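In order, the protein sequences belong to chains V and D. For the first sequence, full-length UniProt numbering begins at 1 and goes up steadily by one. For the second sequence, full-length UniProt numbering begins at 1 and goes up steadily by one.
None of these hints come from the bench; they were simulated from the model. If you're wondering where the values come from, they're calculated on a predicted model, not measured in any experiment. We put the beta carbon where it would ideally sit given N, CA and C, even for glycine. One should not assume that every hint holds.
[Unchecked claim] Once the Cα atoms are required to be at most 30 Å apart in a straight line, the calculated DSS-like pairs of lysine-lysine come out as:
| hint | chain 1 | residue 1 | chain 2 | residue 2 |
| --- | --- | --- | --- | --- |
| 1 | V | 868 | D | 20 |
| 2 | V | 791 | V | 774 |
| 3 | D | 48 | V | 112 |
| 4 | D | 42 | V | 128 |
| 5 | V | 197 | D | 34 |
| 6 | V | 161 | V | 128 |
| 7 | D | 28 | V | 117 |
| 8 | D | 28 | V | 853 |
| 9 | V | 117 | D | 8 |
| 10 | D | 34 | V | 11 |
| 11 | D | 20 | V | 14 |
| 12 | V | 874 | D | 48 |
| 13 | V | 874 | D | 69 |
| 14 | V | 117 | D | 63 |
| 15 | V | 663 | V | 621 |
| 16 | V | 146 | D | 48 |
| 17 | V | 621 | V | 575 |
| 18 | D | 48 | V | 25 |
| 19 | D | 8 | V | 853 |
| 20 | D | 63 | V | 112 |
| 21 | V | 853 | D | 34 |
| 22 | D | 20 | V | 863 |
| 23 | D | 3 | V | 853 |
| 24 | D | 69 | V | 853 |
| 25 | D | 53 | V | 112 |
| 26 | V | 128 | D | 48 |
| 27 | D | 42 | V | 853 |
| 28 | V | 621 | D | 8 |
| 29 | D | 8 | V | 128 |
| 30 | D | 53 | V | 146 |
| 31 | V | 863 | D | 69 |
| 32 | V | 309 | V | 92 |
| 33 | V | 112 | V | 159 |
[To be verified] From the structure, some residues in chain V lie toward chain D, with a derived Cβ separation under 7 Å:
| hint | residue |
| --- | --- |
| 34 | 401 |
| 35 | 848 |
| 36 | 852 |
| 37 | 854 |
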Amino acid sequence: MSFYELIKSIKSIKFGVLSPEEIRKMSVVNIVTADTYDEDGIPIEAGLMDRRLGTIEPGQKCQTCGNRVGQCPGHFGHIELARPVVHPGFAKLVYNLLKSTCWNCGRILLTKEEVEKYALLMERYQRKWPQLRLRLAERVIRRASKNTECPHCGEAQYKLKFEKPTTYYEEHKEGTVKLAPNEIRSRLERITDSDVKLMGLDPRIARPEWMVLTVLPVPPSAVRPSITLESGIRSEDDLTHKLVDIIRINERLKDNVDAGAPQLIIEDLWELLQYHVTTYFDNETSGIPPARHRSGRPLRTLAQRLKGKEGRFRSNLSGKRVDFSARTVISPDPIISINEVGVPIDVAKLLTIPERINPYNMDQVKRLIENGPDVHPGANYIIRPDGRRIDLRFPKDRKSIADAVEIGYIVERHLKDGDIVLFNRQPSLHRMSIMAHKVRVLPYKTFRLNLCVCPPYNADFDGDEMNLHVPQSEEARAEAGVLMLVQEQILSPRYGGPIMGGIQDYISGAYMLTRKGTLLTREEASQLLARAGYTGELPPPEISEPKELWTGKQLASLFFPKGFNYSLKSNVCLKCQTCKKEECENDAYVVIRDGKLIKGVIDKKSIGAGQPESVLHRLIKDYGTDAGRDYIDRAFKLFLAYIDSRGLTIGLDDEELPAEAKKKVLEVIRQAEAKVSELIDIYNQGLLERLAGRTLEETLETKIMQELEEARELAGEIASQYLKDSNTALLMARTGARGSLMNLAHMVACVGQQSVRGERIMRGYMNRTLPHFKQGDLGAEAHGFVYSSYKDKLNPIEFFFHAMGGREGLVDTAVRTSQSGYMQRRLINALQDVRVEYDLTVRGTDGLIIQFKYGEDGVDPAKSDHGKAVNVEKIIERVVKAGGS
Amino acid sequence: MGKFDLLKHELVPQFRIMTKEEVEQLRKDLGVRKEDLPWMLKSDPVSKAIGAKPGDVVEIIRKSPVAGKSVAYRYVVPG
Chain V
1 MSFYELIKSI KSIKFGVLSP EEIRKMSVVN IVTADTYDED GIPIEAGLMD RRLGTIEPGQ
61 KCQTCGNRVG QCPGHFGHIE LARPVVHPGF AKLVYNLLKS TCWNCGRILL TKEEVEKYAL
121 LMERYQRKWP QLRLRLAERV IRRASKNTEC PHCGEAQYKL KFEKPTTYYE EHKEGTVKLA
181 PNEIRSRLER ITDSDVKLMG LDPRIARPEW MVLTVLPVPP SAVRPSITLE SGIRSEDDLT
241 HKLVDIIRIN ERLKDNVDAG APQLIIEDLW ELLQYHVTTY FDNETSGIPP ARHRSGRPLR
301 TLAQRLKGKE GRFRSNLSGK RVDFSARTVI SPDPIISINE VGVPIDVAKL LTIPERINPY
361 NMDQVKRLIE NGPDVHPGAN YIIRPDGRRI DLRFPKDRKS IADAVEIGYI VERHLKDGDI
421 VLFNRQPSLH RMSIMAHKVR VLPYKTFRLN LCVCPPYNAD FDGDEMNLHV PQSEEARAEA
481 GVLMLVQEQI LSPRYGGPIM GGIQDYISGA YMLTRKGTLL TREEASQLLA RAGYTGELPP
541 PEISEPKELW TGKQLASLFF PKGFNYSLKS NVCLKCQTCK KEECENDAYV VIRDGKLIKG
601 VIDKKSIGAG QPESVLHRLI KDYGTDAGRD YIDRAFKLFL AYIDSRGLTI GLDDEELPAE
661 AKKKVLEVIR QAEAKVSELI DIYNQGLLER LAGRTLEETL ETKIMQELEE ARELAGEIAS
721 QYLKDSNTAL LMARTGARGS LMNLAHMVAC VGQQSVRGER IMRGYMNRTL PHFKQGDLGA
781 EAHGFVYSSY KDKLNPIEFF FHAMGGREGL VDTAVRTSQS GYMQRRLINA LQDVRVEYDL
841 TVRGTDGLII QFKYGEDGVD PAKSDHGKAV NVEKIIERVV KAGGS
Chain D
1 MGKFDLLKHE LVPQFRIMTK EEVEQLRKDL GVRKEDLPWM LKSDPVSKAI GAKPGDVVEI
61 IRKSPVAGKS VAYRYVVPG
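All chains, full assembly: derive it from the sequences and hints.
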């Protein structure tokens, strides 16, 4: 018989409820003693650590199965409960069963005809729509529980009340009566099997009365091991503690029942037993206080072991740990390709790739073996064809080992340049969070990455760490290299456009290089191009008299492919009413014709990360990812080289405004203030016109806020007018490299209104924000308007308001990340095995259809133009341009 | 009050009960059982309006902002 014939495949899994008989049958010992070990440390017979429950000490034979520690699976015991208790997990179901059956005769509260009808339906559904069975059961229960008189025995039905977690009351005329679990159990026993089926249960494996416990299984001791501390004191598991409680109360209840104690005492003990059993299952049941350890810590019982992030499922079953991985701090390296990752040499010597020896690599591999584990291009292990591993750390004479290897041996060699590895930064929110890189072994101890891959990883270098994984099989490496390589991920499915591209200095550099007036001598131009790795000829200079000079646009043009045509509006565009296109005096209209940058400046709109319909986007779409990667690797170095040679810095004098401008800003603010007090006056006189849908106070608030907002904007505009064109902060804001005009206005003109919860600041003392103001003051200053700019300084009151607004921002960020993280988790759990099939239908597991055509149009967003299948305008433009001019 | 015809409402797409042959063709094209299509209830207002019975397959043609027109199918189940 072959191995595969022995393998059984699981067709279906059915869950049921343990019957008391089953619990007794699988039990090896009836536990009656609420204790674990005696003074000598010997497990007490019939106690919670009884030897028959399985061995836990090594070397000992199990008293039940005779196996030793690793082999013995552990054995269940049981506790005979003196009185039955409701299983808290089934309490709701028990309630449903009780209210839809007759308390007297135990039949379901439906007429014969109804029963027959539903039974027929149930059978039909079972065959055709098994998924609908439970819905029908719900309907049956809803119908049955409406009946107030039993159609079978004619008995009037009492109203049933369920009080979480495990109490049931019956409303009699004389008052409400609590139902004791044994009464519940006997009622459940009376329900016929056919009625049970109608209510959606399979009576063969889940009889209703089994949901009221008469016997409690005791898990094997291996499930709840006791630990011996260094001081020799034994400490028991939380589950054991809980079981001790249950047994103790159970024994007391038994004694009291036997001694014929008063009903009241028995009921008290009974309820206590119910409490202990409930908390044994779930110690976070709502409505009851959690059972606590002596130290006050809540106990970790069965439900807690399974639930949540630290539970069995998420932590142990879904949580995977891997070999061949590394983690360290990341730092930037603008020299290496975006496809590469700098791997510290120490890491490269620890991570290995198995390589099978063949005639072609024999000599190289032998050299690796000779180098051994401590010299970089070396090897750590040799695996012989019989599976034996040779550790290269210990033998002195590696030369002879190297000579002895033959074809077919596998060598675990060090990581070397060009190997494909997976690189990942958490949180892995989209597929670009794990990409394949080519190894570049480098000195020092950090992973190095090209700055253009920061956006997809959302990485910066303030201490971020990243993980690296080494695929071990040829298939895995090939797949990673073809599908996951960084260059294949430049175009993001998130928005049809490149997610990677220029950031910060790349953009500033590109702008400064390509703007009008950038002229370079032969020496300068050569220097820059050399750094960019350009090896071709220098183009003829733009200006040859009196000196040879090249424009920055000429240099930037060298990296576009021949025949590349494109035009767009750049980020510095002022968005004039009518665009003058090529004649733009700001040089904001970019024209690239036949791979030459003719007009316009390169900035964020052309090469920025996450900019759809940019030069970069077009380039990659038309010339492929190789060309795109090559452009980013080389042209971007030119931009950096230029910004390096020229320098870009901002200082205090960049925030300086001329006196004239300051005066104007002040004037604007003063006017706004006057308008605000005017508004307040109108309001006080009761003449303010109410806005639709708002109260008078709200109207005033919105109007004041509008006024102040306008003032800040105006101040900012004035400021930016007076800032010199040489102002680097302004340059960065305009090109989109970093910061905004608003940030700039904050620094030089006026910080403006601070807000909490989208309103001006209203909290603090009675009718005022701070004791410095009169009660009821509605003015700008009293509600968080900051007149000053950051450069001028904030006065203490302004500072305080600013801190309030700032704090809210921080809290919001923290709350948002946790909330969106949870949302992401749920989304991913719901969508993880949905996929697009070859016929463009979207299907879940076992082929159930979710969409008949992916996204209704079958378009891959990564290959689209910003979500659209085609961008007709651009195509027309291209065709016209290419043919016409 | 005049009787309201929900099928005439602007936001309600076109519904049509498919013939046996069409269903068979669709089933072959998609390679699934009828039960694997998305479901709609017999008690759904639209099912009532067009008189769909359990076991029927309904074709829905709706306007789509991205594709202009998109077609979907629903399998009618009791309930």
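_Between the alpha carbons of residue 117 of chain V and residue 8 of chain D, is the straight-line distance 30 Å or under?_
violated, 36 Å
*Given hint residue 48 of chain D paired with residue 146 of chain V - CA-CA distance at most 30 Å*: holds, 26 Å
*Against chain D, is residue 854 of chain V within 7 Å by beta-carbon distance?*
Result: violated, 10 Å to nearest chain D Cβ.
*asked:* Against the 30 Å threshold, does the CA-CA distance of residue 20 of chain D and residue 14 of chain V hold or violate the hint?
replied: At roughly 36 Å apart (the allowed maximum being 30 Å), residue 14 of chain V and residue 20 of chain D break the hint.
*Using Cβ atoms only, decide whether residue 848 of chain V comes closer than 7 Å to chain D, and label the hint accordingly.*
With a closest approach of 5 Å, the residue 848 of chain V hint holds.
*asked:* With the threshold set at 30 Å, check whether the alpha-carbon distance from residue 8 of chain D to residue 853 of chain V stays at or below it.
replied: holds, 26 Å
*Quick one, are residue 874 of chain V and residue 69 of chain D close enough, alpha carbons at most 30 Å?*
It holds: about 25 Å lies between the C-alpha atoms, which stays within 30 Å.
*Is residue 34 of chain D within 30 Å of residue 11 of chain V, Cα to Cα?*
holds, 22 Å
*Is residue 853 of chain V close enough to residue 34 of chain D, meaning Cα to Cα at most 30 Å?*
Roughly 17 Å between the alpha carbons, so the hint for residue 853 of chain V and residue 34 of chain D holds.
*Given hint residue 575 of chain V paired with residue 621 of chain V - CA-CA distance at most 30 Å*: The given pair, whose Cα atoms are some 27 Å apart, holds under the 30 Å limit.
_Next pair to validate is residue 309 of chain V with residue 92 of chain V; report whether the Cα-Cα distance is within 30 Å._
Holds, because 26 Å separates the two Cα atoms, which is no more than 30 Å.
*Below or equal to 30 Å on CA atoms is what counts here, so check residue 117 of chain V against residue 63 of chain D.*
Given that 30 Å is the threshold and the Cα spacing comes to 41 Å, the pair is violated.
Hint violations for this structure: numbers 1, 6, 7, 9, 11, 12, 14, 15, 18, 20, 22, 23, 28, 29, 34 and 37, all remaining hints satisfied.
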